[in-house]
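Novice: Residue 195 in the working numbering is what sits at position 195 of the sequence shown, and the numbering runs on without skipping anything.
Fair warning: there could be bad hints in the mix.
Here are the computed lysine to aspartate or glutamate pairs in the DMTMM-like style, where the Cα-Cα straight-line distance is at most 20 Å [unchecked claim]:
| no. | residue 1 | residue 2 |
| --- | --- | --- |
| 1 | Lys53 | Asp81 |
| 2 | Lys117 | Asp148 |
| 3 | Lys103 | Asp118 |
| 4 | Lys220 | Glu185 |
| 5 | Lys71 | Glu114 |
| 6 | Lys153 | Asp115 |
| 7 | Lys71 | Glu99 |
| 8 | Lys211 | Glu136 |
| 9 | Lys103 | Glu185 |
| 10 | Lys139 | Asp52 |
Simulated from the structure, these hints should not be mistaken for laboratory data.
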Amino acid sequence: MVADKAKKAKLAERAPEENHDADHIDGDLVLSIEKLQEAQDDLEKVNEEASDKVLEVEQKYNVIRRPVYLKRNEIIKTIPDFWLTAFLSHPALSDLLSEEDQKIFKYLSSLDVEDFKDVKSGYAIRFNFNENPYFEDTKLTKTFTFFDDGTTKIAGTTIKWKEGMGVANGVNHGKKGNKRPPAEESFFSWFSETEQKDIAEFQDEVAEIIKEDLWPNPLKYFNNEADEEDSEGDEEENGDDDDNNGEEDTEGDS
């Protein structure tokens, strides 16, 4: 009994010390987290400043690139079916062109992608056509405007189809007897997809592919270089597999 009382007395003496140590550790932890948050806030300020500088540089070089893009477009106009070939050679865009779309694309003289002066505020994609038997327009445009409140306004040309060419999706289907065949999805229906969206939900894959992939270097797709790069990548992977298999066979023989 005496021993138990002595043990309880020691435990009672140690308890305040342990509580004090715990409070000390908690205080140090809180202080460290506060300092870490301050450092993180400083980094955020630097990142914001860097983003502004990157945008300034991007806007500067957009001005420098512009005449080069215009010169490139003039050269492209001398190459028959350039944009049609580039689209059909693109792994994603090729699936978007119906047979009727391909006929219309033969009249496409130039394609243009241009950021707004403030690159954060949006961009426009323009398809310029020669006079053609399908629609009255010579220019079809789709614009994407980004607002500070986080919404995106999407606007597209309302195509003025010529008589007999303007079914709902922009594809000309001939009648078979009294029945019209099912409508085929057309690339040109993309211009009518213009609802306003929250920027978090904004996603126009066609626009992104044209702007970020096709437009910077359409010659790559016109020349089918993309397929060649994929083939070379596959060959390298197969070569690595063969090498690995050879090493395994050697190890097995030994």
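Novice: Determine for every hint whether it applies to the structure shown.
Specialist: Going through the hints against the structure:
For the suggested pair Lys53 and Asp81, the alpha carbons sit about 40 Å apart, so the restraint of at most 20 Å is broken. Proximity of Lys117 to Asp148 is assessed by CA-CA distance (about 16 Å); at most 20 Å being required, the pair is judged to hold. Only pairs whose Cα atoms come within 20 Å are accepted, and Lys103 paired with Asp118 is rejected, the gap being roughly 36 Å. Between Lys220 and Glu185 the CA atoms are separated by roughly 27 Å; this puts the pair beyond 20 Å, and the hint is violated.
Simply put, Lys71 and Glu114 have alpha-carbon atoms about 14 Å apart, close enough for the 20 Å limit, and the pair holds. Restraint check for Lys153 and Asp115: satisfied, since their Cα atoms lie roughly 15 Å apart, inside the 20 Å limit. Distance restraint check for Lys71 and Glu99: the Cα-Cα separation of roughly 30 Å exceeds the 20 Å cut-off, and the hinted pair is therefore not satisfied. Distance restraint check for Lys211 and Glu136: the Cα-Cα separation of roughly 26 Å exceeds the 20 Å cut-off, and the hinted pair is therefore not satisfied.
Annotation: proposed proximity of Lys103 to Glu185 holds, straight-line Cα distance about 15 Å (limit 20 Å). Taking the CA atoms of Lys139 and Asp52, the gap is about 33 Å. The hint is violated against a cut of 20 Å.
The structure fails hints 1, 3, 4, 7, 8, 10 (numbered hints given earlier, in ascending order).
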